[in-house]
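Colleague: Chain by chain, the residues run as shown.
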Amino acid sequence: MLKIEHLSKRFGDLQALNDVTYNVEKGEILGLIGQNGAGKSTTFHSILSFIHYDGQITWNGQLINEQVFNQIGYLPEERSLMPKMTVEQQILYLARLKGKSAKQIKPAIDQWMQRFEVKGKKTDKIKSLSKGNQQKVQLICTLIHRPSLIILDEPFSGLDPVNVDILEQAILNAKKDGAAIIFSSHDMGNVEALCDELVMMRKGEMVLHGEIRSIREQFGKNEIFVTTDWSTVQLSQLPHVVEVTALSHQRYRLRVDDPVAGREIFQRLSNGEYMEEFSQQPPTLDEIFRLKAGDPR
Amino acid sequence: MKKMWIVTLTTYLRQVKSWSFVILVLSPFIMLLVSFGVGFISANSATDGNDIAVVADQPALRQAYIKVAGKDKVDTKLTTEAAAKHALKANDISGYVTLSQGIQYRAVYHGKEAMSASDKTQLTGFLSKLQTQNNVAQAKLTHRQLQQLSLQPTFKQVIQKRDGLVKTARTVSFWILVFMVYMILTTYSSITAQEIASEKGTKVMEMVFSSTTAAKYFCGKILGVLMVIGTQLLVYLIGGWISLIAAKQMNMAKPFFDQYGSLVDQVVHNLVNVNLLFLFLGVIIYTILAAFSGALVSKAEDASKAAYPAVYLSMIAFFATFPFQNNADALVVKIMSYVPFFSSYFMPLRIINQSASLMEISISLGLLILTIIGLTWYISSIYKGLILQADESHFWQRLRKGVAYK
Chain A
1 MLKIEHLSKR FGDLQALNDV TYNVEKGEIL GLIGQNGAGK STTFHSILSF IHYDGQITWN
61 GQLINEQVFN QIGYLPEERS LMPKMTVEQQ ILYLARLKGK SAKQIKPAID QWMQRFEVKG
121 KKTDKIKSLS KGNQQKVQLI CTLIHRPSLI ILDEPFSGLD PVNVDILEQA ILNAKKDGAA
181 IIFSSHDMGN VEALCDELVM MRKGEMVLHG EIRSIREQFG KNEIFVTTDW STVQLSQLPH
241 VVEVTALSHQ RYRLRVDDPV AGREIFQRLS NGEYMEEFSQ QPPTLDEIFR LKAGDPR
Chain B
298 MKKMWIVTLT TYLRQVKSWS FVILVLSPFI MLLVSFGVGF ISANSATDGN DIAVVADQPA
358 LRQAYIKVAG KDKVDTKLTT EAAAKHALKA NDISGYVTLS QGIQYRAVYH GKEAMSASDK
418 TQLTGFLSKL QTQNNVAQAK LTHRQLQQLS LQPTFKQVIQ KRDGLVKTAR TVSFWILVFM
478 VYMILTTYSS ITAQEIASEK GTKVMEMVFS STTAAKYFCG KILGVLMVIG TQLLVYLIGG
538 WISLIAAKQM NMAKPFFDQY GSLVDQVVHN LVNVNLLFLF LGVIIYTILA AFSGALVSKA
598 EDASKAAYPA VYLSMIAFFA TFPFQNNADA LVVKIMSYVP FFSSYFMPLR IINQSASLME
658 ISISLGLLIL TIIGLTWYIS SIYKGLILQA DESHFWQRLR KGVAYK
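So the sequences go chain by chain: A and B. Taking my numbering, the leading residue of the first sequence gets 1, the next gets one more, and so forth. Taking my numbering, the leading residue of the second sequence gets 298, the next gets one more, and so forth.
No lab work stands behind these hints, which were simulated from the structure alone. Just to be clear, a hint being listed does not mean it is correct.
[Stated by the list, open to error] In silico EDC-like links for lysine to aspartate or glutamate, alpha-carbon gap of 20 Å or less: (1) K314/B - D124/A; (2) K221/A - D258/A; (3) K131/A - E496/B; (4) K127/A - E492/B; (5) K84/A - E496/B; (6) K127/A - E496/B.
[What the hints assert, rightly or not] Per the computed footprint, the stretches of chain B lying under chain A, defined by three or more beta-carbons under 8 Å from a beta-carbon of chain A, are: (7) 441-451; (8) 579-592.
Where is the CB? At the ideal position from N, CA and C, for every residue including glycine.
Construct all of the structure, not just a fragment, from the sequences and the given hints.
Modeller: Quick look at the structure:
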């Protein structure tokens, strides 16, 4: 288990992290979300001992040291590899630095390249690959030594939908193998699809932490999706409705200030008749993100 | 240690497998081969055109002169004046000598240019000897009279050859050594600084530092570069030794070694001793400095500028030795021979001139080694900070930030 306790970090006048505490269990995926400068990368750099920090970070009860490094797979935010190396040399070099032997890794390279659909040969120089394929090779470098703690900094940025699916599958496979996974993302769709838990950060502070479902629930079911022939003006005059958004023809989203008002709104809209759609839901993660992590629209 | 070794080996193999390294190492040998080749070709092509022919009425006289002149200088196939004349016209020979014997010996040289002074001396000497023998026989002198007439004045030169040789050897050794130190330092400072600077601020370094400590990575990198330098020196030592042996066997180089053989031996002796250790340690300390300055550039694109501090310092030390090449006892030389970064130039200068005691050499070596250890330890400890920061602030700001990176 990755245990982060009272993690704080200050860069000059900037409080980059302030008393952050949470755990990531084995076989669990935790999403770390927040705006730029919220402290996500600083958290990762602290876990990897790139910087000195206040507080404590342990993996399976052990402070992070070189032995623990062997169990970590880390994908940095921006992509870069050693351009003059071949794909095979690059993968072997980083895997050997993770304590694996060439004998262990060599036979697996082809298989991983196939799995990530890398266009190119393992004898190709890194610089000859397209950006997307270099990104895939870097992912292979992160995962090929089968780490038990995986740290991915914005892993989905720059990937097309097909490659997002491939990466999602790789993350889920690692989870199945029992790895503890922590990744940052701006895309709430990925977070919602993959994560068991999330940590939302704002200016170094942890503003939300928990299971995604319970976080959404704790905001209450204050969104109502309806399909009706009522106009926007008529809908905005309903009790407790604070905002009406037209989603498509005759389909609206109503935001209410009290979830209990849903029953009365249903009765007024249906008037005892059949309604094509009436669904009361908690806010989406995207909305929660806007509300808590950034400036609400 | 294993991870450090992986970094070392990767750095080493990447360098030695590159074409630039192969060319760098082989270029002196290629130049040597080319110059030998050119010398050989010109010597061979010059042979025919520079020959002379010898024509004489008496075959015995002709053979006697050919024996004196040397068969390699004479075209022995030409025996008649007509043939020699024809060969001269066709530029196959440089000239021909006609010899005749009577009461007086006669020699006539026919050529497009005057006979060389040495050949002339040789020919007149040969004929004088024969003429004297003939005169003595004609005069019917007694043995005693003959002996008295043969008396010649004597002249002897006594030259302090050893002292002169040592001085020349020192000068030659000094220039070879300082140029060798300077060239190797400059080359490897640039290679190291660029290698490190190209990694500066790249995210792959975050992947590396999530696998091993920055100290191990730095030491591995330096060790890798040192192995490359060691390989180059080893190739130079073995190649130089083989070239020397081969050159000594070659007829073409024989006159050179006859004249300068002991000078060459003296120079080799001056170079292949503790000076090599100073050279090697000097390269290490400059490599570490180059790595440090490489880590201080603002971004990977500035890699080409990274070597400047190390190269400039090396250049200052290099030029600073010039005024003292014949004054190794000067106080400045003595002081500089203990100052790391300068001692690799100044102590060998003193060693070549035999102005440093074993104790002084040991102290200088000790200081150099201690500085290398201290510098490696210090840079290792701040290396992660220097490499991972990627801002474009002022040099001193970057240095301050890097040093304080926590």
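Colleague: Indicate, hint by hint, whether the structure satisfies it.
Modeller: Structure-based check of each hint:
A C-alpha spacing of about 17 Å is found between K314/B and D124/A, which places the hinted pair at or below 20 Å, so the restraint holds. Pair hint K221/A plus D258/A holds up; C-alpha atoms about 8 Å apart against a cutoff of 20 Å. Note on K131/A and E496/B: the hinted pairing holds, with a Cα-Cα distance of about 18 Å set against a maximum of 20 Å. Our distance criterion of 20 Å between C-alpha atoms is met by K127/A and E492/B, whose separation comes to about 16 Å.
Distance check on the hinted pair: K84/A and E496/B sit about 12 Å apart at the alpha-carbon level, within 20 Å; holds. Straight-line distance between C-alpha atoms of K127/A and E496/B comes to about 15 Å, which keeps the hinted pair within the 20 Å bound. Restraint check on the region 441-451 of chain B versus chain A: 0 residues with Cβ-Cβ distances below 8 Å, three needed, restraint violated. Residues of the region 579-592 of chain B lying with their CB closer than 8 Å to a CB of chain A number 0, which falls below the three-residue condition for coverage.
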